[in-house]
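Chemist: So you can see what is in the structure, the chains are spelled out below.
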Amino acid sequence: MTVRNIEGVAPVAAPLREPMREKLARWVFALPLAFMLLFFALPMALTFVFSVFERTMFWMEPGFTLFSYENFFFSARLENFLSSMYYSGIAVIVCFVLGFPIAVFLRKSVPQVAQHRVVLLFILPFMVSEIIRVFALRPVLQRNGLVNTTLQNLGLIDEPITALLYTHTGVIIGEVMSFLPFIIFSGFLAMEAVPKYIFEVCDDLGAGPVRRFLDVILPLAAPGIFAGCTFIFVNGLGVALLPNILGGAGAVNAGLIATQAIAALDFPLAMAVSAIMMTTLMALLYIGHRLFDLTKILSPIN
Amino acid sequence: MNALGTLKMTETKPAAVEVRGLAKHYGSVVALKDVNLSIAAGEYFVLLGPSGGGKTTLLRTIGGFHRPTHGQVLLNGVDVGHLPPDKRTTSMVFQSYALFPHMTVLQNVGYGLKIARMGRDAIREKSAAALEMVGLTGFADRKPHELSGGQQQRVQLARAMVLNRDILLLDEPLAALDAQLRKDMCLELKHLQEKVGITFIHVTHNQEEAMTVADRIALIADGELVEHGRARDVYRAPHRAFTASFVGENNILRGTIREVDGDDVTVDVAGHPVRTGRRGLAVARGAAVTLSIRSELVRMGGPGEALHSLPGRYSESVYLGLTTSHIVALAPGTDMVSRVVEDLPQVPEPGAPVVMSWSPGDLRLHVD
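If you read the sequences in order, they're chains U and P.
Those letters in the first sequence? Residues 1 to 302, per this note's numbering, in order.
Those letters in the second sequence? Residues 1 to 368, per this note's numbering, in order.
Only chain P is shown next, with the shape it has when bound in the complex (with noise of 0.2 Å):
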C-alpha cells in the first residue's frame, strides 16, 4: 500500500469505522483486495466508484452481511468480524425500496423496535419522531405502495435511524430516483446528518451526489482503494490518474518524460513538451505517464505561454446549458477539451488550427 492509500490519523475521537486488510473473494472473482480505510465518528462518507468496483461489498462487509475472506472490521475500536447485522452498531438503508409491502409506512419504522421489545406506546412515539425528521408526518397510515420513491427511501431512512444506532450506512440510496428528486434529496441527507451527527456512510456511483454530501470521499473501483481524502481536494488535486478520469471533467493526456529538473518535470504529449510539478513522485526520464487537468481550467485560443499550452485542430462544441465544452484534437485520437461559462466571440472553424493554454500548476502529474 503507498503512503496515499494508508489513513491520515487527524481524528480525535476513536474512528467510528476502521477496516484493516479487508478482502472478499468470490471464488476467483475478488470483489475487494487489501483495504485500509478509517472513518471518524460524525462523518459524512462517500464510498464513490464505478460500479462493479467493490463499493457495495465494502459497505455490505461493515454493515455484517458479508463475511471478509480476511481483514477486520472495527466499529468503534470494536472488532465486529463475527456479529451478524443486528448485533452491530449499523443500520443499513437498501438501495432498492426495501420495505415491508404488507405493513404501514408507521408500522415499517416501528418494526426494529417492536423486535427489540420496546413498549408499544414508546414505538409509537419514536416512530412518529422518526417520521417527522424525515418529513414524512402525516403518512403514517399509508402504504410503502401508496408512496413516491423518494418517500419510501424517507421511510427507510426513517426506519434506520428509529434504532438509535450510530452509523448509518446508504447502499446507493438515491439510484433510483430521478434527477432533480436525488438533487432535493442529496441536501436533504446531508442536513439530517448534520443535525443527528452520527456517522454516515454512503454509497454511490454518482459524482454529483457524493461531491453535494461528502465530507469525505473514497474512490472504489477494481476491488481497491484508490484514493479518499475530502470532497474538494480530490476534486482539485486528484493523486491518481483514476480519480481524475472520474471525478470532475478532466482531460488525460498520456505522454513522456523528456527531463527531470528537480521539480519540474517536461513531459512529451503528442510531439510537444509541456511542464509540471514532480509532486514528489518517483519518475524517470522515458517514463510513461499520464497528466491530467480540469476541464474549466483550459483556455482556448491566444498565444499560449510555451511549456503551458499545446497547439490542436478545432473539431467541435458540445452546448450543455451552464457551460459549453469546446473538444480540441491535438492529435489523431488524443482530444482535449476546454470548458467555459461565456459564450466565445468567435468560435473556429473545425480544422482551423487552434492552442489550447492553462496557467501553471493547473496541470498534475500521475504515474500509475
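So here's chain U without its partners, still in its complex pose (with noise of 0.2 Å):
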C-alpha cells in the first residue's frame, strides 16, 4: 500500500483508508474518557475506599470503618485543616489583588503582538525547581535574612520581625510567590471575554476605575477569576511542600496533614483527608459552575 501511495495510484488504497481512518478517530475521542478515568476518577474512588479500611501495623486492610473521618473531625486536625483553609483564602486575594490588576494591564495596554511574551515571562519561575524556589526564601525572610536586615540597616525596626517565617504569614508568603502566575494566566484568559472597545464606552460614560472593575470587568471576568481563585485556593490547602518549609507549629494545610499521617502510617487517616479535601474542591467547583457557568472560559466570546 505505501508503494502504491508512492505511486500516486490512490482509488484503491482509498476505500480502504476511509475505515481506518474513522476506527481511529473514535479512538482518538476515546482517549481523553480513557486518560481522565484512568489518573481521575479512578485514584479519586480509591481514595474514598481506601479512607473506610482498617488500619493495620504498616498498611491497611479492607473493610469499613469511619474511625479515620473520626479521627479527622474530632482532633485538632480539623481546626487547622479550617484555619488552612481561611489563610489560603488569604493568599487568594493577595494573589488577586496584585495579580489580577498585571492582567487587566497586559490585555488593555500592551500591544496586541508582544501579550503572549510578556506571559511567557511569567512562566520563567517555574523553570526553576519549586522546592529549590521555596527554599530560597528562608534566607529572606528568617530572623536574620535579607528582609530584616535592610529593614533594620533602613533604621525602620529595631527588632527583627521574626512572623515572617515559620508562622501562616511564611506560608502566605510562599503561597503567593507560588500561585500568582496562575492568577495572572487565568485573569489574562478571564480578560479575552471583556472586550477592549468597553474601556473607551466607559471612558465615554465617565466610568471611573472602581465602577469599571465592579460592574464590567468582574462580571464578564468571573468564570476565568473564579477557576485562577480555587487553582490558588486548592494549592494553598494541598501543597504539602510550602507549610512544610515554611511553616510551623499549627502552620499547616490540609497537604501536609494528609502527609503527617502517611509519616505516621495511618494511610486511611490520609486517604481520609484527601477525600475530604477533593470534596471541599468538588463542592466549591460545582457552586462556582451554577454561579458563573464555568464553561464559558473556553468559550470567552460568545
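Note that these hints are calculated values from the structure, not bench results.
Heads up, some of the hints might be wrong.
As the list claims (entries may be wrong) - Below, simulated DSS-like cross-link-like pairs (lysine-lysine); rule was C-alpha separation at most 27 Å, straight line: (1) K126(P) to K296(U); (2) K196(U) to K195(P); (3) K108(U) to K296(U); (4) K183(P) to K87(P); (5) K114(P) to K87(P); (6) K108(U) to K87(P); (7) K108(U) to K143(P); (8) K143(P) to K114(P); (9) K143(P) to K183(P); (10) K114(P) to K183(P); (11) K183(P) to K195(P); (12) K126(P) to K143(P); (13) K195(P) to K108(U); (14) K126(P) to K87(P); (15) K196(U) to K87(P); (16) K108(U) to K126(P); (17) K108(U) to K196(U); (18) K114(P) to K126(P).
With the hints in hand, could you dock these two chains into one complex?
Modeler: Structure (C-alpha cells):
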C-alpha cells in the first residue's frame, strides 16, 4: 500500500483507508475519557475506598470503618484544616489583588503582538524547581535574613520581625510567590471575555476605575477569575511543600496533614484527609459552575 | 491653507465644534495635519474619506479619545483640550457593536445615567424613552447577543442620546451592516437628527451614506481636510480633483493647458483641445491640470460640439441595473465613461469610433 501511495495510485487505497481513519477517530475521542478515568476518576474513587479501610501496623486491610473520619473531625486536625482554608483564602485574595491588575494591564495596554510574550515571562520562574524556589525564601525571610537586615539597616525597625517565617505569614508569602502566575494566566484568559471597546465606552460614559471593575470587568471575567482563584485555593490547601518548609507549629495545611499521616503510617487517615479535601474542591467547583457557568472560560466571546 | 480649506462663517449660533490647526502624529506617522473646521449647532455633518485618511482620528480627537499633537478643539466655544470624553458635551456611537455583553438593553442604555447617580426610576423612564426613540420598545430585557447588528447600533444610539449631550459622534456606525439595512438606517439617522435637533458628526467611507444623511460633508484624505461644503455642492461642483474622484462617478482626465483667454481655458486632453471655465484658479500655459466631469453628464455619439467633445473608440458597456456605463477609450490608458439610464438604440461595436460630448460648463478644471 505504501508503494502504491508513493506512485500516486490512490483509488485502490482510498476505500481501505477511510474506515481505518474512522476507527482511529473513535479511539482519539475515547482517549481523553480513558485518561480521565485512569488518572482522575479511579484514584479519586480509590481515595474514598481506602479512607474507610481498617488500619494495620504498616498498611491497611479491606473493611468499613469511619474511624479515620472520626480521627480527623475530633482532633486538632479539623481546626488546622479550617485554618488552612482561611489562610489559603487570604493567599487567594493577595494573589488576586497583586495579579489581576497585571492581567488587566496586559490585555489593555500591551500591544496585541507582544501580549503572549509578556505572559511567557511569568512562566520563567517555573523553570526553577519549586523546592529550590521555596527554600530560597528562608534566607530572605528568616530572623537575620535579607528582609530583616534591610529594614534594620534602613532604621525602620529595631527588632527583627520573626513572624515572617515558620508562621502562617510565611506560608502565605510562599503561596503568593508560587501561585501568583496562575492568577495572571487565568486573569489574562478571563480578560478575553472583556472586549477592548468596553474601556472606551466607559471613558465616554464616565465610569471610573472602581465602577469599571465592579460593573463591567468583574461580571464578564468572573468565570476565569473564579477558576484561577479556585486553583490557588486548592493548591494552598493541598501543597504540603510550602507549610513543610515555611510553616511551623499550627501553620500546616490539608496536604501536610495528609503527608504527616502517611509518615505516621496511618494510610486510611491520609486518604480520609484527601477525600475531604477533594470533596471541598468539588463542592467549590460546583458552586462556581452554578454561579458563573465555568464552560464560558473556554468560549469567552459568544 | 487655501481659501477652500478655511471655514465659511455662515452660522449665526456659536459653532458646536470648532477645530483649529489640529494635528495628530503617531511617531513619524502623521494621521492629521493642520485641520481647521467649524461645525454649526444642529448640523448633520459627515466626515467622508478613504480608510486610513484620518477622519476617525479627527472624530476621536473631538470626542476626547485622542490628545492632539497640536491644535485646539472648541466645543460650543470652549477649549476642551484638557477634558476626558465624559466631561465633554459629546457622546460616541462606536463602530463595533460596543455594548456591554452582560447587561440587558435597558441596562446598557441606562448605565451612563447610573454613573451620573440618577435615581432608579428616572433612569428607567429616560432609558425607556430613548429606546422608544430608536424604535426598540419591547427589546428592553434582551441581551445584546440576542439582537441583530442594526438593533445593536440602535441601542448604542439610545445609550449615547440618553446622556443629553448636544453633540453626537458616530464612528462608521453603519459599516458592519448589510447594504439594505444601511440604507434604511441612514434615513432613520437623518430623521432622528432632525427630530432631536442636536449636532451629529458622522464618519463614513461610503459616499452614498454621506449624501443621504449629510447637511454638510467634509472630505478627509491623507490627514488633510480636502474640501467641505453642502452635500449637493460637493457632489455637483467639486473644487478639488480628489473630491471629484471620490464623490460621484466622475471622469478624471489629465491634460496640459494650451491657452488661457480670460475666463476660458483650453486644455489638451489626449491630443484634442477642450474648453473649460477657469473658476478663478491660477493657471498658466503648459501647466499640467486635471479635468473632471460626472459620467451622467457625458453623452455618447452624435456630432459633438467642437471644444466640448472628444473622439475615442468604444470599448465596452457595464450594466449596473438602473444605469449602464459605456466605456470609451480616448487614448491608450485614458478612458471616459458615459452613464445613461435608458438603453441605447444601437450599441457600437468594440473598437468603433465614437464621440463623447457634454454641455459647456459641465467640465470642471482642477489645479492640485
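Chemist: Next, verify each hint and record whether it holds.
Modeler: Evaluated hints:
1. K126(P) to K296(U): violated, 33 Å
2. K196(U) to K195(P): At roughly 33 Å apart (the allowed maximum being 27 Å), K195(P) and K196(U) break the hint.
3. K108(U) to K296(U): Holds, at about 21 Å.
4. K183(P) to K87(P): violated, 33 Å
5. K114(P) to K87(P): Roughly 16 Å between the alpha carbons, so the hint for K114(P) and K87(P) holds.
6. K108(U) to K87(P): holds, 22 Å
7. K108(U) to K143(P): Roughly 25 Å between the alpha carbons, so the hint for K108(U) and K143(P) holds.
8. K143(P) to K114(P): holds, 18 Å
9. K143(P) to K183(P): Holds - the C-alpha atoms of K183(P) and K143(P) are around 25 Å apart, at most 27 Å.
10. K114(P) to K183(P): violated, 33 Å
11. K183(P) to K195(P): holds, 19 Å
12. K126(P) to K143(P): holds, 19 Å
13. K195(P) to K108(U): Violated, at roughly 38 Å.
14. K126(P) to K87(P): holds, 20 Å
15. K196(U) to K87(P): holds, 21 Å
16. K108(U) to K126(P): violated, 32 Å
17. K108(U) to K196(U): holds, 7 Å
18. K114(P) to K126(P): Holds - the C-alpha atoms of K126(P) and K114(P) are around 11 Å apart, at most 27 Å.
The earlier numbered hints that this structure contradicts are 1, 2, 4, 10, 13, 16.
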